[in-house]
Each structure stands twice: as C-alpha cells, then as structure tokens.
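Protein chains: 2
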Amino acid sequence: MAKVSPKWLTPKEMRAWRSYIIASRRLLEALDQDLSGHDLSMADYEVLAQLSEAPGRRIRMSDLAEIAMLSKSRLSHRITVMEKAGWVRREACKEDRRGAWAVMTEKGLKAIVKAAPDHVDSVRTRFLDRLDGEDQINLADVFEEVLAGLRSEFKSEKE
Amino acid sequence: MAKVSPKWLTPKEMRAWRSYIIASRRLLEALDQDLSGHDLSMADYEVLAQLSEAPGRRIRMSDLAEIAMLSKSRLSHRITVMEKAGWVRREACKEDRRGAWAVMTEKGLKAIVKAAPDHVDSVRTRFLDRLDGEDQINLADVFEEVLAGLRSEFKSEKE
DNA sequence: GCACTTTACTTGAAAGTTCAACTAAATGAC
DNA sequence: GTCATTTAGTTGAACTTTCAAGTAAAGTGC
Numbered sequence: 001m002a003k004v005s006p007k008w009l010t011p012k013e014m015r016a017w018r019s020y021i022i023a024s025r026r027l028l029e030a031l032d033q034d035l036s037g038h039d040l041s042m043a044d045y046e047v048l049a050q051l052s053e054a055p056g057r058r059i060r061m062s063d064l065a066e067i068a069m070l071s072k073s074r075l076s077h078r079i080t081v082m083e084k085a086g087w088v089r090r091e092a093c094k095e096d097r098r099g100a101w102a103v104m105t106e107k108g109l110k111a112i113v114k115a116a117p118d119h120v121d122s123v124r125t126r127f128l129d130r131l132d133g134e135d136q137i138n139l140a141d142v143f144e145e146v147l148a149g150l151r152s153e154f155k156s157e158k159e
Numbered sequence: 001m002a003k004v005s006p007k008w009l010t011p012k013e014m015r016a017w018r019s020y021i022i023a024s025r026r027l028l029e030a031l032d033q034d035l036s037g038h039d040l041s042m043a044d045y046e047v048l049a050q051l052s053e054a055p056g057r058r059i060r061m062s063d064l065a066e067i068a069m070l071s072k073s074r075l076s077h078r079i080t081v082m083e084k085a086g087w088v089r090r091e092a093c094k095e096d097r098r099g100a101w102a103v104m105t106e107k108g109l110k111a112i113v114k115a116a117p118d119h120v121d122s123v124r125t126r127f128l129d130r131l132d133g134e135d136q137i138n139l140a141d142v143f144e145e146v147l148a149g150l151r152s153e154f155k156s157e158k159e
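Just so you know, the protein sequences line up as chains W and A, in that order. So for the first sequence, the working numbering puts the first residue at 1; every next one is plus one. So for the second sequence, the working numbering puts the first residue at 1; every next one is plus one.
Careful, some of the hints might be misleading.
Pairs count within a copy or across copies, as identical chains cannot be separated in the list.
[Claimed, not checked] Cross-link-like lysine to aspartate or glutamate pairs, in silico, EDC-like; alpha carbons within 16 Å at most:
1) LYS114 - GLU46
2) LYS7 - ASP121
3) LYS12 - ASP135
4) LYS12 - ASP129
5) LYS7 - ASP118
6) LYS12 - GLU134
7) LYS110 - ASP39
8) LYS12 - ASP141
To be clear, the hints were calculated from the coordinates, so they are not data collected in a lab. In this text the structure is predicted, and so the values were computed from the model without any measurement.
Please construct the entire structure, taking both the sequences and the accompanying hints into account.
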C-alpha cells in the first residue's frame, strides 16, 4: 500500500522546515552583507572563486555557469559587468569557435584574494562555529541525501 | 587566549558548508519551480500564507514585511502586483492614518488554498522525506542555534 | 502649541534576473 | 556535401529587487 502524505506538516516537521528556511534566509543575507564591503555578491564571489582555482584561471562560459549554478544568460550579463570592473575578460576559444573563455585578470585575482579570508571567516562565525563535529557530519549527510533526491527526481522527469 | 580561526576550511567543514549551500540552492529552485504552476513564487506564497492565517485575513504592511522577511519596499511593489492579480487589496488604516492594511481577497484565498497542498507535498517529498525523525530534530536544533547566533551578532552590531 | 524626530509607507530610478529570440558554429544523418 | 539539429553564447525586453528620496502622520520634549 502506497504511503499517503497527510495534508499538513506535523509539528516536528514544521519545526525542522521553518527553522531551516528562516535561518537560511537570514544566514545568506548576512553573508551577502559581509561580502558587500568587498563589492561582491555571493554569486560574483563564487564565479571569481571558481576562476581562481581553474587551470590558467580560465573557464568556458557554459562550464562556469554550470559550476557556479547560474543560468547562461545570467552569467553572460554578470561577466559583462565584471568585465567593466576589470576582474575578468572574455577570450575567443580556438578549439570551438562558438565558445568563449572567461579569464580572470590580475585585478580579479587580487579582489578575491582580498575578499576570501573575510568570507571564510564569515561562514565560520555565522555558521560553522555553531555546529560541533558531529553536527557537521550529520548536516553533510542530510544535504547530500537531499541533493541526491533532487537529482533523481530531475532525471525521472526527463525520462 | 582568543581562538584564532585557521585561514581556510577543514575538509569536514568544507563538506558541511558546500553540501548545505549547493543542496539548498537546488532545493529552493525546485520548490519555486513546483509553485510556478500556480503562478506563485515562494515569496508571494509566503505573503498569501501569512495573510490567510491572520485574523480578518489582513495584516499591516510593516508587520507583513517583517514576518514574510521582505523589505518594506519590496513588499510594497509586490502588493501592487498582487493587487492587479486580484489576490489582495490595500485598505486605509483608521487607527494609524499613516498605515495601510494588506487584505486578502476571496480570490487570493482560493489561490492559496489551491496551491498549499501541492507546496506542502513538494516540501515533503523534496526535503522532509529525506530526513528521519532524529535528523529533523537535529536540523531544527542546529538552525535555531544559527539563527540565535545571527540575532545576537546583529544586536551587538547595533550597540 | 511648536519644532524635532521617528515611523509607516510609497515611489522612481538603477541594478539585477529571467525569458524568449537570435547568431553562429559544430555535429549528425544520409 | 547538404540539410536538420544541437550546442555555445549573447542580446533586449520584461519583470523583480534594491536603493535613496519623498510624503504624511505620530510621537516627544519643553
């Protein structure tokens, strides 16, 4: 017999869900605000962080969109802005002439090298420090499981 | 002696942090998409849900902004849109003539009554069902703690 | 009462994001 | 090779959110 979900959430479920979304929104808000002193949003930080770790400090636009979890269009607009700020530059791709590289400039590298310690500190004090060792493992397990669930649902939707 | 945070995250911290933000972004994305069939964003859903539970199905703009976690400006713009959709209406406030009520219409009530079961189902299948009873409690504890931390930091910033 | 500050809310413009349409190159079928 | 399809990326318009400024009413000090 198939499990039928009751219509509303139990108090326990409700508490888990609400504490999670409320704290998450506030947390992201706080982290974003912490970064704003470096003129960066979390999304822009992620783009720069990914670029800084990539070989040649360059990534193809599509790949960058993928790993930074942005739509292609959003990334394209954002790179235009970052280009004006002098943090990245676009470069034509010889192997695939449809393609474009997003290349981090020296200035971009400096920007993220400067921002990173503050951001890490911010993530630590606002989030990680509130979790003991066991919490960290549990949380990772739970969210990996959630992500796996999302992926499999996504896959089955496509089939 | 003050605790000095090492510069970068340990693998364990990294795993906790990354699984959390990645899964969270995907989760929110999925929940939003699930709601889009009802022509609602999560933010709009929250606004309507709060109104539906309020006495007289009406809440003062400022209070609504507070509980729905939106800026006043954002709420004001959003209510303008929802007003056009016929879900809410503004009403002058007699007790405080600067004030305004956001009042849910019958149509708005119908919209959320229709959307709610799907949304609950979506939260359940995509998130809560991945957590066992103990996970739910741990998660609630952790995020309540994170929220408390944010509040106290916020308070101390103001002082 | 009168000035001063604060509170409640809105507004318009700027900045950011999404959406659909578009160009151009690569790939695949035959 | 040629036609259709897919992939890579950009663009402009529509919409959303933020930001700074504005209006009007309350509250406060004296």
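Status of ASP121 relative to LYS7 across identical chains (alpha carbons, at most 16 Å)
between (42 Å within a copy, 8 Å between copies)
Can you tell me if LYS12 and ASP141 fall within 16 Å by alpha carbon in one copy, between copies, both or neither?
between (20 Å within a copy, 11 Å between copies)
For LYS7 and ASP118, with the copy left unspecified, which applies at a CA distance of at most 16 Å: within, between, both, or neither?
Classified as between: cross-chain Cα gap 9 Å, same-chain 44 Å, threshold 16 Å.
I want to check one pair: LYS114 and GLU46. Are their C-alpha atoms no more than 16 Å apart within a copy, between two copies, both, or neither?
Answer is within: at 14 Å inside a copy they meet the 16 Å cutoff, but 38 Å across does not.
Tell me, please, which holds for LYS12 and GLU134 at an alpha-carbon limit of 16 Å: within, between, both or neither?
Classified as between; 10 Å across copies, 21 Å inside a copy.
Please sort LYS12 with ASP135 into within, between, both or neither, judging by C-alpha distance up to 16 Å.
between (19 Å within a copy, 11 Å between copies)
Checking LYS110 and ASP39: alpha-carbon separation at most 16 Å within a copy, between copies, both or neither?
within (13 Å within a copy, 43 Å between copies)
State whether the alpha carbon distance between LYS12 and ASP129 is at most 16 Å within one copy, between copies, both, or neither.
Close across copies (12 Å), not inside one copy (25 Å); limit 16 Å.
Hint violations for this structure: none, all hints satisfied.
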